[in-house]
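Going by numbering that gives the first Met the number 0, the first residue of the sequence shown is number 0, and it counts up by one from there.
No lab work stands behind these hints: they were computed from the structure. A virtual CB, placed ideally from N, CA and C, is assigned to each residue, including glycine. There's no promise every hint is true.
With a Cα cut of at most 25 Å, we get these calculated SDA-like pairs of lysine to any residue [what the hints assert, rightly or not]:
#, residue 1, residue 2
1, Lys334, Pro252
2, Lys46, Lys227
3, Lys46, Asp272
4, Lys196, Gly180
5, Lys216, Thr147
6, Lys346, Pro199
7, Lys169, Glu198
8, Lys216, Leu168
9, Lys39, Gly180
10, Lys39, Ala259
11, Lys346, Thr325
12, Lys170, Gly180
Quick list of the computed label-pair ranges, beta carbon to beta carbon [stated by the list, open to error]:
#, residue 1, residue 2, range
13, Val305, Arg141, 43 to 49 Å
14, Arg313, Ser218, 36 to 42 Å
15, Gly37, Gly257, 26 to 32 Å
16, Ser53, Asp191, 19 to 25 Å
17, Gly306, Ser53, 17 to 23 Å
18, Leu215, Ala332, 32 to 38 Å
19, Ser166, Arg141, 23 to 29 Å
20, Arg313, His197, 24 to 30 Å
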Amino acid sequence: MLTLVGLAMPGAYVVETAGPAPEITGAQDGVDLLTLTGGKTYGTQTKYYMTTVSSYGNSDFGVVGAQAFAAIFSRDSQVLPVRSLYPAGQTADQVDKRNTALMGDSQQAAASTAETAAGLPVRMRIGVAGVPKGSPAAGRLREGDLVTRITANGVTTQIAAYADLGSVLKKTPPGTTVNIGFTRDGKAMDADVTTSKHEPDSTGWTKPGSRLGLYLKTSDVKLPIAAKYGVEGIGGPSAGLMFALTIYDRATPGSLGGKARIAGTGTISLSGDVGPIGGIPHKLEGAAATGARHFLAPAENCAETVGYEPEGMRIYAVRTFDEALTAVRSIGAGKTDELTTCSDVVKAGKAGK
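Please build the complete structure, drawing on both the sequences and the hints.
Structure (structure tokens):
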């Protein structure tokens, strides 16, 4: 009797499986996933699929014991402790709201990154959200300052969008003293800041260029092409990369990836960095169900793809939006031999140990 009760009672575990992998230029439940308005757009024959994970159980109630027990013996399911996904003290509703907010931030970053890469005049205000202790910028800039320009190596660049700042820092070696122009309480000011190097990621790769040591935020974002997303019920930032690729393709003539079906995942930042996500084995399974034979994965997730590669699918590692664009172009041209695969990243990591 006690065993039967245990199998029927909610436990401390959640179960994850492959979720839907909708085509971004299509519709889900009769609602278009992506609608672009306000600027010139083009059709594309390339099909882009965002991948998701379905989760059963939440921070309020885990799955019943029988469901968790059955999932243990299923290759297509993963059993995880509730607290590995949901922080203690947070309700399911709070987690849902947080994931919705992350999805919104990801969508704006996707549109900004894509339209900037397409050569469109994206505009925004760049503000200081905070200055870490020990940062070279500590005592020079502070929360609330609005960054307006940067002078590096004798060249001054006006900051009209995040990409303006990022393009300068990408070419600036660590240890370079740059002059930052900003406004504070409406008054124009400037300060010298010595840039620092980026920290290596989990694969040992270090991003080129340098950083200011500031937490930045954006406001008053003005996009030439407005993007509306029909993704109710899907949360989190992991679709950012695939949204950005779709918007870029629709904002430029031709079909970036030819007639290929391309699935993928990864966060996207305003600086164009592709970040790691969770649940990639399930996302690969969902992608395979669409018929996609090409998958774009954050390089930091590559080790998690080992043993889960769907038959006939190639998994390409990307770290930046530029790398993702190169990968899609190469897929469309049928010239993928020179692209870095996740297998390449994993082998390089093992060789470096």
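Here is what the structure says about each hint:
With a C-alpha separation of about 20 Å, the suggested pairing of Lys334 with Pro252 holds against the 25 Å cut-off. Simply put, Lys46 and Lys227 have alpha-carbon atoms about 18 Å apart, close enough for the 25 Å limit, and the pair holds. Restraint check for Lys46 and Asp272: the C-alpha separation of about 22 Å stays at or below 25 Å, so the hint holds. For the suggested pair Lys196 and Gly180, the alpha carbons sit about 21 Å apart, so the restraint of at most 25 Å is met.
Between Lys216 and Thr147 the CA atoms are separated by roughly 13 Å; this keeps the pair inside 25 Å, and the hint holds. With a C-alpha separation of about 18 Å, the suggested pairing of Lys346 with Pro199 holds against the 25 Å cut-off. Simply put, Lys169 and Glu198 have alpha-carbon atoms about 14 Å apart, close enough for the 25 Å limit, and the pair holds. A distance of roughly 17 Å separates the Cα atoms of Lys216 and Leu168; the hinted pair therefore holds under the 25 Å criterion.
Simply put, Lys39 and Gly180 have alpha-carbon atoms about 34 Å apart, too far for the 25 Å limit, and the pair is violated. Between the alpha carbons of Lys39 and Ala259 the distance comes to roughly 23 Å, so the proposed pair stays at or under 25 Å and holds. Between Lys346 and Thr325 the alpha-carbon distance is near 22 Å, which keeps this suggested pair within the 25 Å criterion. For the hint linking Lys170 to Gly180, the alpha-carbon distance of about 19 Å falls within 25 Å, and the restraint holds.
Judged by the Cβ atoms, the range 43 to 49 Å given for Val305 and Arg141 holds: they are separated by roughly 45 Å. In this structure, Arg313 and Ser218 meet the distance hint of 36 to 42 Å, their C-beta atoms being roughly 40 Å apart. At about 27 Å, the beta-carbon gap between Gly37 and Gly257 stays in the expected band of 26 to 32 Å. Range check, Ser53 to Asp191: about 51 Å between beta-carbon atoms, so the 19 to 25 Å window is missed.
At roughly 21 Å, the beta carbons of Gly306 and Ser53 sit within the given window of 17 to 23 Å. Checked against the hint of 32 to 38 Å, the C-beta distance between Leu215 and Ala332 comes to roughly 36 Å, which is consistent with it. As the Cβ distance of Ser166 to Arg141 is approximately 25 Å, the hint placing it in 23 to 29 Å holds. At about 28 Å, the beta-carbon gap between Arg313 and His197 stays in the expected band of 24 to 30 Å.
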